[in-house]
Amino acid sequence: MRVGTIPFYVPHYTLYTMRFTAVASVFALFAATPALASASSALASAKQDIDYNPAVTSPTTGDVWTAGQSYDVTWNTVLPSGINLTEVSQTANLVLGYKENGSENLDWVLATSVPLYTTGAYTVTLPKDLESKSTYIIALIGSSGDVSQEFTINPASKSLLGIALSAILGSKSSKAKRNLKLRN
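Residue 127 in my numbering sits at position 37 of the sequence shown; the count goes up by one each step and never skips.
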């Protein structure tokens with residue numbers, strides 16, 4: 091059986107050499123040709139997205155939001171000169187996070203597949219269980235991301251029932267508090 095090599099190209103235009111036997115070479119050549127042609131045409135027709143980060147314009151430093159409430163996140167929709175709308179990602183995810191020790195901790199996905207260039211704004215509802223911090227950020231995560239300035243989120247305010255229970259528990263003796271807690 092004859093053994094030899096045949097050069098071939100993959101879509102990245104890198105030259106590879108394939109070892110083959112005379113019997114297997116015909117099969118391998120015909121089996122690989124449609125896949126390589128398909129991959130090559132897919133690469134040729136794929137558009138190259140430009141990594142453009144639309145600037146988040148709200149929230150900004152000094153803004154104070156409350157957990158559990160709804161707010162508008164806004165960003166710049168004007169593209170730089172020379173960049174066409176078809177060359178950039180059309181959607182992004184809105185993610186809430188915070189900065190701590192030099193890191194961005196992006197922990198809460200607030201919205202997915204948000205259109206970036208139609209309105210430049212999206213209303214999000216914050217999770218109710220957020221703790222108070224002055225280093226929260228909103229990130230637009232698409233082909234690449236941009237983050238807002240740091241802003242503050244305060245915990246959700248207590249309900250009237252929670253305030254009433256706190257007042258009752260605060261005025262009872264420790265034995266009464268234990269009994270009330272056991273009943274709940």
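These aren't lab readings, by the way, just hints derived from the structure by calculation. From a predicted model like this one, the values you see are computed outputs, not experimental measurements. For glycine and all other residues, C-beta sits at the position ideal for the given N, C-alpha and C. Mixed in with the good hints, there may be bad ones.
[What the hints assert, rightly or not] For lysine to any residue, the following SDA-like pairs were computed, each having C-alpha atoms within a straight-line distance of at most 20 Å: (1) 218 <-> 181; (2) 189 <-> 240; (3) 218 <-> 147; (4) 189 <-> 151; (5) 223 <-> 200; (6) 223 <-> 210; (7) 189 <-> 156; (8) 189 <-> 153; (9) 189 <-> 152; (10) 218 <-> 191; (11) 218 <-> 143; (12) 223 <-> 170; (13) 189 <-> 247.
[To be verified] Have a look at the derived ranges for each label pair, beta carbon to beta carbon: (14) 151 <-> 213: 18 to 26 Å; (15) 190 <-> 169: 31 to 39 Å; (16) 224 <-> 170: 28 to 36 Å; (17) 246 <-> 168: 17 to 25 Å; (18) 246 <-> 140: 33 to 41 Å; (19) 170 <-> 244: 34 to 42 Å; (20) 191 <-> 239: 14 to 22 Å; (21) 242 <-> 173: 20 to 28 Å; (22) 147 <-> 193: 33 to 41 Å; (23) 148 <-> 218: 16 to 24 Å; (24) 143 <-> 190: 20 to 28 Å; (25) 246 <-> 201: 14 to 22 Å; (26) 193 <-> 150: 30 to 38 Å; (27) 167 <-> 202: 15 to 23 Å.
Problem - Straight-line alpha-carbon gap residue 189 to residue 153, limit 20 Å - result: Holds: residue 189 and residue 153 sit about 16 Å apart, inside 20 Å.
Practice task
Hint says 14 to 22 Å; check whether the CB-CB distance for residue 246 and residue 201 agrees.
Solution key: The hint (14 to 22 Å, Cβ to Cβ) holds, given that residue 246 and residue 201 are roughly 20 Å apart.
Handout entry: Given pair status - residue 200, residue 223, alpha carbons within 20 Å
Key = Holds, at about 18 Å.
Exercise for the section: Just tell me: holds or violated, for the beta carbon distance of residue 191 and residue 239 against 14 to 22 Å? Expected result: holds, 18 Å
Exercise for the section: Look at the Cβ atoms of residue 167 and residue 202 and judge whether their distance stays inside 15 to 23 Å. Expected result: Taking Cβ atoms as reference, residue 167 and residue 202 lie about 19 Å apart, which means the hint holds.
Practice task
Below or equal to 20 Å on CA atoms is what counts here, so check residue 189 against residue 156.
Solution key: The hint holds at about 18 Å.
Exercise for the section: Would you check the hint for residue 189 and residue 152, treating anything up to 20 Å between C-alpha atoms as holding? Expected result: Given pair residue 189, residue 152 holds - Cα atoms ~15 Å apart, limit 20 Å.
Handout entry: residue 148 versus residue 218 beta-carbon gap, inside 16 to 24 Å or not
Key = holds, 21 Å
Exercise for the section: Given the hint that residue 218 pairs with residue 143, test it: the Cα-Cα distance must not exceed 20 Å. Expected result: violated, 29 Å
Exercise for the section: Given the range 34 to 42 Å, decide if the beta-carbon distance of residue 170 to residue 244 lies inside it. Expected result: holds, 36 Å
Problem - Outcome of range test on Cβ distance (residue 143, residue 190; 20 to 28 Å) - result: holds, 22 Å
Problem - residue 190 versus residue 169 beta-carbon gap, inside 31 to 39 Å or not - result: 33 Å Cβ-Cβ, so the 31 to 39 Å window holds.
Of the numbered hints given earlier, the model fails hints 1, 3, 6, 10, 11, 12, 13, 17, 21, 22 and 26; all others are met.
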